[in-house]
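Asker: Spelled out, the chains give:
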Amino acid sequence: MIRSLLIVGVLFVYTADTFANDGCCCPECGTKTCIAKPVTKKVKKTVFNVETKDICIPKFRFPWQMKKNTVGTAGCDASCDSSSGACGSSECGCAPKCGRVITVKVLKKKSVECEKCGYEWEITTVESVPCNSCQVGFGLGGLGLRGRAAANCDSSGACDSSYLQGSNAVPVIPIPTK
Amino acid sequence: MTVTSPLAAILAILVGFAASTCAQEYNFANSINNSNANFESFASGKSIVDDLKSLKETLEKQDETIAKNKDAISDLKDDVKAKVNPGSSAASMKIAGRVHADYWGFPETSPGIDAIEGGPAGPQDRIGFRRMRFGVRGDVTSNMEYRIEMELAGGNNVEFRDAWIGFKELPFFQKILIGNQKRPYGLDHLNSSRFNVFLERPFVIESFNQDARRLGIQSYGVSEDQAWNWRYGVFNQRLIQDEGNYSNEHLQPEFASRLANTYWYDEDANGRGYGHWAVSGTWAFPDGSTPSDNGKTGPDVNEARFRHRPEARSGNRWIDTGLIDGADNYRMIGLEKVLNFGPLQLVGEYQTMLVDRDAGADNVNLHGGYVYASYFLTGEHMPWERKSGTVSRIKPFENFFWVNTEDGTRESGLGAWQVAARYSWADFNSVGILGGEAESVTLGLNWYWTPNARMQFNYIHGTIIDSGAIGRGGDYDIIGTRFMIDF
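In the order they appear, the protein sequences are chains A and B.
Just so we're aligned: the first sequence equals residues 1 to 178 in the working numbering.
Just so we're aligned: the second sequence equals residues 1 to 487 in the working numbering.
Keep in mind the hints are simulated off the structure, nothing from the lab.
Using N, Cα and C, we set each Cβ at its ideal position, and we do this for glycine too.
Be careful, since some hints might not be right.
Partner residues are not named here, just some residues of chain A that face chain B (Cβ under 10 angstroms, in silico) [claimed, not checked]:
(1) ILE55
(2) PHE60
(3) MET66
Just chain B, with the same shape it has in the complex (with noise of 0.2 angstroms):
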């Protein structure tokens, strides 16, 4: 052995001392905490035995807790299956609804308004939903969407309203819909029906424009800073939520558009204060150019013909024009203007139409409007949607709720409060047709409960002259209430 052997061994050990002594380091530390536990332990009278045994049950409580988080999350997973969920994973899917269930009351009503209404009893009281939707929406893949709406207010006649595919974010048209859906004039009936300040919709909005939605394909667009928006389609007049299909020359074409400007919206101050205007038209073909076309049935039933009824809920229509014989086309043009200051919404409409007739028939021209003003008690405001150009959902800066609290005391929110003053009316008389002149106002007021539900009452003072017959016609009061929930 030589001298050099001592050493390597040396240095071995102290080498193989200092790695060991690392890697124990950590369970020398150990041990010490371990010493003063038992110490601590038995200081205090217990034993390594009883630390064992209150390890065992700790354990075993965490045995217990993962078992029920087991079950939870089976549960949970059991949940989730049990949700509704698209056909497709490329599609994501928003379940919607709507309930409105009214009640109408027809306290006076002259002896014309109940000719009108087919008999001396007059219109009577009704209670009943006026809707009650149910529907889905969604995107499929990454740039369409869908949307399907059921009516099932009309009990076993039941329709849809919105049916359409549609195309987004896409050059130059942006945005383009297929199916059924709503022509683009009229911002009352832009509005949807949650959010409509009045119960049922103005004269002439209604009559140039009834039940809104047509077969048809739509662009819809809107400018970079939401000061613009716009949306023109061509459409087929005839009513197709009903019937479900057209069959032949059922073909009754017209072309409409809206340009909206909302050239004011004051965004930091939550879009309290804003003022809009639009302008809509147009241009229809119905099919009234020979005799035989203006049988009342049939697919291709003139549909030259604008009638309402009185801003209610009654049986007849008050105002009516009938089939417009020889009706070759019509053009209508409408003018919208709203103003939002806080609580105060001034809003007018007026539209015009010129009904092109054949040969020997004098042309017929239409027109009414409305205004209104609503004005929140409680301070809240209308809210204005930019990129359609249309109000938005009223959320009430405090609910309306009744409860008794935990502490037992009982306590009770407001919700948001609204008034509202309309006037409305409609010419539809005009060289031979007798559709009756209208005239109403209609006093609001509007319960907000929460943002999906609220009350609304409304009572209606009107005139109505000269509808079908000369002289046929006269007053009536209207009351109306509505409750409503949207989710």
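Here chain A stands alone, though its shape is the one from the complex (with noise of 0.2 angstroms):
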């Protein structure tokens, strides 16, 4: 039973890497393949911020208050002065009292941009010499016992940057031509 369950095992990780590789790891001369190339990118984020504010709660006057021509009547105190204009010959009644301020807080959303680190994808061909097709062949891949590597692979099994024109990424997929 268990012998049974790591030839399945061993055979997933096998199928799974050669999936993942596509086979050959470094594309033939004069083919099309695209590298990534690390980029910083920028990415949008909503973020919030409080602040305050100071807002007036007016105090409200009583019917008899807002009479027009009140001045000396009940209900209108001092600041009910003619002369001032608050009252008296004007339309609008006793002047208001002083209102109630009181800080409130506002939250404020707003949209940023910020750094992210990532890889974007150049197609370019492969044009460097000597350019070696593939080996064709067998192997455990997944275990690191890869038979197929191409000559212009490099040790860690990844393609050989020189191999590639103008090139200084890392991952390679190779494109098939039409």
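Fit chain to chain and form the complex, with the hints in mind.
Answerer: Structure follows, in structure tokens:
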């Protein structure tokens, strides 16, 4: 039972690795590949800030304090003076009493751009020499025992960047030419 | 050649020189600037070629910017196309909606209440949507308007609510709406459910104006100083928002009106102080004059029936007059009073109804009222709409929020907090009609998150007496919670 599981596991790892690497690790000369270039991307993010502001809560006036020309009438206090224009000959009734000030928080939302590292794919053509075709073979690539490595692969199994035109990238995905 | 010829030539040269000087002044100045720039470039070790390269780069960047802007404009055009627009260029359209999600619990009910609710198990707790409305409104040409609003909370039973067309800026009538609209009595019914202080409307207000809206034609007016407003119209008593249309022998007309006066409104204090009174009434002609009309089905079912739940969402109506046999017409008059002192508001209404019945049957008198006080612990006030004589949208000084801020701190806002208490009663027992007597006290707590969203909590303790039969009734306790948003 355990042996069967091990065999299934090894086969699974091999299959997954084979599909992931699409066979040969390096492209042939003259083919197009796309390489990943490390870039700094800008992403939009919503952030919140809280500001404070003072607001006025006005005092209301009773109906008798709002009557026109109310100088000297009951309900109007000393602030109601015709000379000041607050009351008396004005059309506004008694001047309202002072209001109350409270400080409230105001939520502000804004968009900011953050930097994030990532890759952009760039299509390029393999032109450098020597260009060797991939060797056809089988192996346990997932276990680091790849038997299909081309000559232009480095020791880590990745492509030797010198074989790519203007390339300084690491991952390589071959694109079959039509 | 004469002597004048050299002079003319000299003059011509001078004029030409002057013109040339004027024309070249700009170029000369530019050339000096360029020379200075070239000198500076030379002094700094840069060449004109470098400048040109720099200029080229700048132009390329500008090209990129222009290309991006073109894309942005294209996207914007797509966005505008994707927006909902009215079908006619002569019409405007605003979309509005509301969602009210409720929980109701019945922690304590007496056996008599359980019987009214339909079984020994009594009223069952419930959770669901009280309202889920979506609609549009707008203007058509310069003096017409429209509104359509659908009610989706009924699941498969979709109904409509406001559905009318109207004329505004009319001489004498000011505004006339034709269609399904609220009948003009009962302040608590005229107030939108978005702004009502309590979860459900008082006994008498809902009973005398059940579901409020009817098909009719109504005029709305307001005085220039907004101190007075009025509305009056004629309606068919038969509900149409659930059926969509009437069939034969449906007409049970009623005439209704309301006159309201905002006699005190301190505009300088942002309307934090105001006083209002109103009188409203209806004269209705239900189809209850012959026994055959009192069948409970059909288009001509007697509309002289007044009922309500316990100011909460129960399965059955706990006060219910049933169809009042022989109802020939009924007249109702209502009085309203509102006083607002900053965060404190006092409201009261009373309505009384006299149902005239055919010979041989005694006339029926039904009546009820309510008073309530509400107070904002956080200092806001209940805004007042003088044009309609109703309460308006409540705006918290500080919205409720709870966020992580950009600098990593955690901040919160309080929202607006309001407490309220209401006493409500109704007496629907009269000369053989046992609709029940109801009395209740409701305590409310409202937490306004924003002007458009809030949470409400109500605790209700009430009593029902002789509802449907002598001795049928009891006491009850109910709790209700609502989450609501509107847009």
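Asker: Of the numbered hints stated previously, which ones are contradicted by the structure, given in increasing order?
Answerer: none
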